[in-house]
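J.: Sequence:
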Amino acid sequence: MSLSEMQIKLIQASKSILVQNLHLTNEDAISVISIAIKSELHTRKTTLELLDISSLSERTSFVRAVVKNVQDQIMKNPEWRSNQVDRSIEKFYQTLHEIMHLDGQET
1 MSLSEMQIKL IQASKSILVQ NLHLTNEDAI SVISIAIKSE LHTRKTTLEL LDISSLSERT
61 SFVRAVVKNV QDQIMKNPEW RSNQVDRSIE KFYQTLHEIM HLDGQET
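Take the sequence shown: its letter number 66 is residue 66 in my numbering, and every next letter is one higher.
The set of hints was computed from the structure by calculation and includes no laboratory data. Certain hints may be false.
Calculated cross-link-like contacts (lysine-lysine; reagent style DSS-like; alpha-carbon spacing at most 27 Å) [to be verified]: (1) Lys76 <-> Lys9; (2) Lys91 <-> Lys9; (3) Lys76 <-> Lys45; (4) Lys68 <-> Lys45; (5) Lys9 <-> Lys45; (6) Lys38 <-> Lys91; (7) Lys91 <-> Lys68; (8) Lys68 <-> Lys38; (9) Lys38 <-> Lys9; (10) Lys9 <-> Lys68; (11) Lys76 <-> Lys38; (12) Lys91 <-> Lys76.
Distance ranges between label pairs, derived from CB positions [unchecked claim]: (13) Leu50 <-> Gln84: 33 to 39 Å; (14) Leu50 <-> Asn21: 30 to 36 Å; (15) Glu98 <-> Arg44: 19 to 25 Å; (16) Lys9 <-> Glu90: 16 to 22 Å.
Since we're looking at a predicted model, the values are computed, not measured. All residues carry an ideal CB built from backbone N, CA and C; glycine is no exception.
Assemble the whole structure, with the sequences as input and the hints as a guide.
T.: Okay, here's the thing in structure tokens:
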């Protein structure tokens, strides 16, 4: 499954938070975010393009699930865990939330 333009936009905008605040490498951040997005899309049997035209509550639910998945992946890896995880995850959530809602309003 290749990445859509929306996935790339989400990953690029949010990876810097994980890199800067939790010291993940670019590759690790991209991998963690990509896995979380693809997993949630698969679970919901949808695409980002369909989410883009979905209700605000569906997009918010998607973002929360992706953020939770990323947080779980980070907490499983002792190299990435730190006392800044909660704060970084909140910034990560805000970034994804803004992107999903701004793109949803464009349609």
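J.: Next, verify each hint and record whether it holds.
T.: Each hint tested on the structure:
no.: 1; hint: Lys76 <-> Lys9; result: 26 Å, holds
no.: 2; hint: Lys91 <-> Lys9; result: 16 Å, holds
no.: 3; hint: Lys76 <-> Lys45; result: 26 Å, holds
no.: 4; hint: Lys68 <-> Lys45; result: 18 Å, holds
no.: 5; hint: Lys9 <-> Lys45; result: 20 Å, holds
no.: 6; hint: Lys38 <-> Lys91; result: 21 Å, holds
no.: 7; hint: Lys91 <-> Lys68; result: 13 Å, holds
no.: 8; hint: Lys68 <-> Lys38; result: 13 Å, holds
no.: 9; hint: Lys38 <-> Lys9; result: 14 Å, holds
no.: 10; hint: Lys9 <-> Lys68; result: 19 Å, holds
no.: 11; hint: Lys76 <-> Lys38; result: 19 Å, holds
no.: 12; hint: Lys91 <-> Lys76; result: 20 Å, holds
no.: 13; hint: Leu50 <-> Gln84: 33 to 39 Å; result: 34 Å, holds
no.: 14; hint: Leu50 <-> Asn21: 30 to 36 Å; result: 31 Å, holds
no.: 15; hint: Glu98 <-> Arg44: 19 to 25 Å; result: 21 Å, holds
no.: 16; hint: Lys9 <-> Glu90: 16 to 22 Å; result: 20 Å, holds
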